[in-house]
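> Sequence:
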Amino acid sequence: MFPSLRFVGLTAFGALFSFFDRALFYYSVFLLVALTCDFFLSQTHPFSIERIFDRVLSIGIDNTVNIRIHNAFHRSLSLNIRDEFPVEFSATPAELTGTILPHSTLNIQYAVTPYKRGEYAFGKVFTRRKSFFGLWVFEKQVDLRCPARVYPNVQMVKKYDLLSRRQLLNLLGIKPSRIQGRGTEFEMLRDYQVDDEYRVIDWKATSKKGKPISRVYEVERTKNLMLMIDAGRIMGVHTGELTKLEHAINSALLVSFVALRLGERVGLCIFSSDIQTYIPFQSKISHFNTIVEALYNLKSEVYESNYRKAFEFIARRNRKRSLIVVYSDLIENHISQGLIKYCSILQKVHLPLCVAVRDVAITEIARSTPLTEKENYQKAVALTLLHDRHLAIKALTRRGIRVVDELPEHLTITTINKYLELKHTMKI
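Numbered by our numbering, the letters in the sequence shown go through residues 13 to 440 in order.
It should be emphasised that the hints constitute simulated quantities derived from the structure, not laboratory data.
Heads up, the beta-carbon is just placed ideally off N, CA and C, and yes, glycines get one too.
Treat the hints with caution; some may be incorrect.
Beta-carbon label-pair distances, calculated as ranges [said to hold, decoys possible]:
(1) R331 <-> Q179: 35 to 41 Å
(2) L43 <-> F85: 21 to 27 Å
(3) P292 <-> A84: 23 to 29 Å
(4) K406 <-> G252: 45 to 51 Å
(5) Q179 <-> P159: 18 to 24 Å
(6) C49 <-> P114: 17 to 23 Å
(7) I287 <-> S60: 49 to 55 Å
(8) A35 <-> P114: 17 to 23 Å
(9) F37 <-> K136: 40 to 46 Å
(10) K223 <-> A84: 52 to 58 Å
(11) C49 <-> F138: 23 to 29 Å
Please model the complete structure; the sequences and the hints are all you need to start from.
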């Protein structure tokens, strides 16, 4: 508790009476009585606070935190609130304000954005309220310490699941017609969508309904999808607020969920200089939780990745033709050459798809207009790196290896569409 700015202002106002002893005396008595009455009228104002949020937070995006205040008093309550969120997070807004009517409850929301996976803890909630006359400020600390875990972007998975059930995947940029594929066994009828082929239109149903209706055929199930994530040195580089590894993990997570929902058998291999994690193929939807937990504590290493060792390991373990999605990067020429050279190990039996996370900063520098000698040099280096990257992509493409090279914000959707395209055209 401490005096408010209003009290300080009223005290300063009393200086006007400093030359009038009697007036100063009466003013001081008035101020003291007001201060005392305000204290006793306001020291008790019962209210309670709770913090409500999903204990599974998603990396790199806004996660909503609710602060619920219940005012149990017969007067309105105005509060300034500051929540003690983990220092590694950013929050918007950092301070909250609200007025709660008598005997009512108010929910105030703010958003936290974590930038690293792992375990964290929320602390206390600090509140400030003004007294009845506004002469005092009362502080209160509410101990609401609780743990929180930051996972890859599971919110994107929830969003996909919701839109998929409502047949609104086009809102994410996913081409929905490819999800049903080109099977031969009839599955259902649905409204025609823009990217449907004319040959799937059911003209009889169309004439009855008075609008275009498409046939959906059940796609062949139990295909194999192996997700390989490079956790070597080059994936620890930041592009935007997250590392390339984080972007790869977020993408792989949603791709695995899409595939499992389609009945695919999904596996996971994490590698760097050695094999870190290997999860064999499974098709149960509960297998998704196993993949999430495997990715939860994944960190990049300081060593170069051994592509030969990783690809030979997968080739030995998996004899049946599979789609192998390799999340890596093509930014350094000598590393790209290793990836290009040893992809042939997979290509003998499997269909490799190389997914590279494009560097935002390098792309922006290459497109910029330099004004100084330093900026000229930076642009020259950026253009050289992009040229080497382009040559690496061409080399992979010439060998028949599919490549997705995207900026982080488009990486996941482009990869899903490429996967669905390969499935749709019966490449796997």
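> A separate judgement is required for each hint: does it hold in the structure or not?
Taking the hints in turn, this is what the structure says about them:
1. Between R331 and Q179 the Cβ separation comes to about 37 Å, which falls inside the hinted range of 35 to 41 Å.
2. Between L43 and F85 the beta carbon distance is about 26 Å. The supplied range of 21 to 27 Å therefore holds.
3. Between P292 and A84, the C-beta spacing of about 56 Å breaks the proposed range 23 to 29 Å.
4. The hinted window of 45 to 51 Å between K406 and G252 is violated, with their beta carbons roughly 26 Å apart.
5. In this structure, Q179 and P159 break the distance hint of 18 to 24 Å, their C-beta atoms being roughly 38 Å apart.
6. Between C49 and P114 the beta carbon distance is about 21 Å. The supplied range of 17 to 23 Å therefore holds.
7. For the hinted restraint 49 to 55 Å between I287 and S60, the CB-CB distance of approximately 52 Å keeps it satisfied.
8. Checked against the hint of 17 to 23 Å, the C-beta distance between A35 and P114 comes to roughly 39 Å, which is inconsistent with it.
9. Between F37 and K136 the Cβ separation comes to about 44 Å, which falls inside the hinted range of 40 to 46 Å.
10. Range check, K223 to A84: about 57 Å between beta-carbon atoms, so the 52 to 58 Å window is met.
11. At about 27 Å, the CB distance of C49 to F138 agrees with the hint of 23 to 29 Å.
In summary, the structure is inconsistent with hints 3, 4, 5 and 8 from the numbered list given earlier, while agreeing with the others.
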